[in-house]
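Asks: Listed below are the residues making up each chain.
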Amino acid sequence: MNKELPPGLALQKVDERIMTLNVGPQHPGSGHMRIIVQIDGDFIVACDPDPGYVHRGEEKMAEYRNYITNIPHLERPVIHDSCNILYPYVLGVEEILGLEVPERAKYIRVIASELNRCVYTMYWLAIYGIFLGHSTMFMWPAGDRELLIDLLEKMTGARVTHAHFVPGGVRNDLPPNFEDVCLRQVNYFEKRIKEYAAVFYDNPILIARTENTGVLSREDAIRLGTTGSVLRASGVDYDLRKKEPYDVYEELDVHSNVMKEGDSYARSKIPWLDMMESCNIIRQALQKMPKSGSVRVKLKPNPKGKGFDSVYKRVESGRGSLGCYIVSDAKPEPYRVKLSVGSFRNLIALPYLLKGEKLGNMPAVYWSLNYWPVEADR
Amino acid sequence: MSSDSNNEQIETVSDAEPTSANISPGKEIELPKFEKELADKIVEKFGTRIKVAFVKPDRVRINVGRDDVKEVAEFLRDVLNFDHAESVSGVDYPQDKEIEVVYHLGSYTDPSLSRQILALATTAQREENPIPGNDATRLPSLREIFYSVEFHEREIFEMFGVYFQGHPDNRRLLLPEDWADLPPLRKDFAIKGR
Amino acid sequence: MLKDLITPQNANVFVGKLGDILEKAIDKPLGYAINWGRIWSLWPVHIETACCSVEFGAASSPRYDVERFGIIEAFGSLRQCDLIVVQGTITRKMAPRLRLVYDQMPEPKYVIAMGACAITGGLYFDSYNVLPGIDGVLPVDVYVPGCPPRPETLIQGCMLLQEKIKRMKARKYV
Numbered sequence: 135m136n137k138e139l140p141p142g143l144a145l146q147k148v149d150e151r152i153m154t155l156n157v158g159p160q161h162p163g164s165g166h167m168r169i170i171v172q173i174d175g176d177f178i179v180a181c182d183p184d185p186g187y188v189h190r191g192e193e194k195m196a197e198y199r200n201y202i203t204n205i206p207h208l209e210r211p212v213i214h215d216s217c218n219i220l221y222p223y224v225l226g227v228e229e230i231l232g233l234e235v236p237e238r239a240k241y242i243r244v245i246a247s248e249l250n251r252c253v254y255t256m257y258w259l260a261i262y263g264i265f266l267g268h269s270t271m272f273m274w275p276a277g278d279r280e281l282l283i284d285l286l287e288k289m290t291g292a293r294v295t296h297a298h299f300v301p302g303g304v305r306n307d308l309p310p311n312f313e314d315v316c317l318r319q320v321n322y323f324e325k326r327i328k329e330y331a332a333v334f335y336d337n338p339i340l341i342a343r344t345e346n347t348g349v350l351s352r353e354d355a356i357r358l359g360t361t362g363s364v365l366r367a368s369g370v371d372y373d374l375r376k377k378e379p380y381d382v383y384e385e386l387d388v389h390s391n392v393m394k395e396g397d398s399y400a401r402s403k404i405p406w407l408d409m410m411e412s413c414n415i416i417r418q419a420l421q422k423m424p425k426s427g428s429v430r431v432k433l434k435p436n437p438k439g440k441g442f443d444s445v446y447k448r449v450e451s452g453r454g455s456l457g458c459y460i461v462s463d464a465k466p467e468p469y470r471v472k473l474s475v476g477s478f479r480n481l482i483a484l485p486y487l488l489k490g491e492k493l494g495n496m497p498a499v500y501w502s503l504n505y506w507p508v509e510a511d512r
Numbered sequence: 105m106s107s108d109s110n111n112e113q114i115e116t117v118s119d120a121e122p123t124s125a126n127i128s129p130g131k132e133i134e135l136p137k138f139e140k141e142l143a144d145k146i147v148e149k150f151g152t153r154i155k156v157a158f159v160k161p162d163r164v165r166i167n168v169g170r171d172d173v174k175e176v177a178e179f180l181r182d183v184l185n186f187d188h189a190e191s192v193s194g195v196d197y198p199q200d201k202e203i204e205v206v207y208h209l210g211s212y213t214d215p216s217l218s219r220q221i222l223a224l225a226t227t228a229q230r231e232e233n234p235i236p237g238n239d240a241t242r243l244p245s246l247r248e249i250f251y252s253v254e255f256h257e258r259e260i261f262e263m264f265g266v267y268f269q270g271h272p273d274n275r276r277l278l279l280p281e282d283w284a285d286l287p288p289l290r291k292d293f294a295i296k297g298r
Numbered sequence: 151m152l153k154d155l156i157t158p159q160n161a162n163v164f165v166g167k168l169g170d171i172l173e174k175a176i177d178k179p180l181g182y183a184i185n186w187g188r189i190w191s192l193w194p195v196h197i198e199t200a201c202c203s204v205e206f207g208a209a210s211s212p213r214y215d216v217e218r219f220g221i222i223e224a225f226g227s228l229r230q231c232d233l234i235v236v237q238g239t240i241t242r243k244m245a246p247r248l249r250l251v252y253d254q255m256p257e258p259k260y261v262i263a264m265g266a267c268a269i270t271g272g273l274y275f276d277s278y279n280v281l282p283g284i285d286g287v288l289p290v291d292v293y294v295p296g297c298p299p300r301p302e303t304l305i306q307g308c309m310l311l312q313e314k315i316k317r318m319k320a321r322k323y324v
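Protein chains in written order, with the numbering used here: chain L, 135 to 512; chain C, 105 to 298; chain R, 151 to 324.
Derived from the structure by calculation, the hints contain no laboratory data.
This structure is a prediction, so every number in the text was calculated from the model and none was measured.
Be aware that a few hints might be false.
[As the list claims (entries may be wrong)] Derived coverage of chain R by chain L (criterion: at least 3 residues anywhere in the stretch with Cβ under 8 Å from a Cβ of chain L; other residues may be distant): (1) 184-197; (2) 208-214; (3) 236-248; (4) 274-282; (5) 286-294.
[Claimed, not checked] Here are the simulated EDC-like pairs of lysine to aspartate or glutamate, each with C-alpha atoms no more than 16 Å apart in a straight line: (6) 377(L) x 214(C); (7) 376(L) x 162(C); (8) 394(L) x 354(L); (9) 291(C) x 214(C); (10) 296(C) x 193(L); (11) 489(L) x 354(L); (12) 296(C) x 276(R); (13) 377(L) x 162(C); (14) 291(C) x 354(L).
Ideal Cβ placement from N, Cα and C applies to all residues, glycine included.
Just chain L, same shape as in the assembly (with noise of 0.2 Å):
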């Protein structure tokens, strides 16, 4: 065991100049984690992010669970994500078992999975507005997310927990007259959403607190193996939509937008840009979608894995590449299921990027990187 304790419990060598600073559990701006800082005047010198708070062993107790009994509880890590939480637990399943997605399943996985991500992301900048101390930013995206949430209670009978997605397509069909409802709530939404550049990303305190704050450049977003729209704020050109499209993505125009600062103003900008693709998508899908057919293949009771295998899926969920490995073997439960969530890729990110920075960009900083500290525990 290492004998050393952990650098918050320890005692610390008073330094005349160097503090440490807890942030975390309980305080506003850090979520569900802590974060130690240690910070000489009012620039932090060296950040230790402490996650675990959250740690609930989902990888643990998958392996006593069947493949569909599973569905439940490992969507609980992002609960307002948990479409994109479950595909590519969902997509490996389908490949050891050797299932066949029907077409009309595989459009609603994509519109229930892209409404879910507006839903995640408008949750995101509602928190991010809060902890810039910009009230309004917190009461527009949280008022306008329900419309979504609304369309998906709709869908799947749940508000945040949908458990939407099994196996061999999805649990219900839509239903009836959805496509009208959802078509004219989408419109609504995006021309909503449009408002926000004149309240927030083109407001001067927005941009004077985030421009050139906690910038990632191209090599070491690379390099920290980043993901999602820190990766892309950063300038490289990887959405696993476009890049390794599942499902029925390869038939859907998929826009991935890229910009070049890497500070903290792009990240927080990508997934608002982000969502108004994801309303092209939903209505390109709605679009194509084929109008009746069956959703979901009939799997017998407890079913098994042909053997030991292993897969590894991967999906673009609202913080990055959520990629699920899973083994298999002969039996109704996992042998193991191992989920890397982009909350968890992202993390090794913040000592980086708040070295040398000031201790109240923290919060600008620290929530432009995508990150749900739940998921990050699993």
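Knowing the structure of chain L, use the given hints to seat chains C and R on it.
Replies: Relative to chain L, chains C and R alone:
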């Protein structure tokens, strides 16, 4: 059972799913071309020191001994342009007395590799009574080669007790500070009531 | 005579006794006034423990607008809070911190257990790192079931707490 012996056990991939293919002698399934070339390049360089476990569309998996893993990883980074690790997973195999660590490597810089994930698997010796950090369950750390594995390897250390030699920061990450039980993702750690 | 009895050493005791006598004399109206004040200033500590915080945040959104009941206002310092909403799963790493936060809050303080995980452990009943409910850590006033509870349920839970405070004896903490 490690995945070395996987392919003998996997039954044929069903005809309904022609996309997925395994290397198994006697089966006339066409291997994906690009992935085959990728695997061949590695085999050409390292010969029998590595073993190609499977070649599927977009996924290649190679098994490496723990002494060669650094060398292979360097080759993958410098010659084949894999530049980051997407995920590092540990898998515990009590029957084989080994803990497998799988690095899933990807590439952002090389457009031809953007679909590919290369799984680099290596195994550590498994102890019956683990003392994390002070027993033979050790592996060389890949942090110097792929910087992005830093937190992943810390996670593996606390979840499986695999000590990464050369990792600068082998501390707890997710578990509580006072965790004194077995590393929880080992198979002999049973959760309550199961 | 009274002057001789009161010394600087026992002044506190006398003031306390005087308070008791006063309160016994005008218990009902004073108690009502104190409770009334507490009901409309239920400010929660800002501590998120798990995923129920998403619905907690949604409760402050324009559609649900929980602040119109004077209850859950986003607020910074725990030294001035009197409500702690435990938003979901308590892991073994979080439990000591949660108790630490609770101990630092001034009396009177109330606890709402939000979500199935905070009540019994919920979906994570067999996880190795999750407490089976927070009853062993904090004294709970109101349980709000759901996984996660809808914002309406949370609002109802808060209103139940208000009802409860209305019927509590205000003297307990005076």
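Asks: Hint by hint, work out which the structure violates, then give me just those numbers in ascending order.
Replies: The structure breaks hints 5, 9, 14; every other hint is satisfied.
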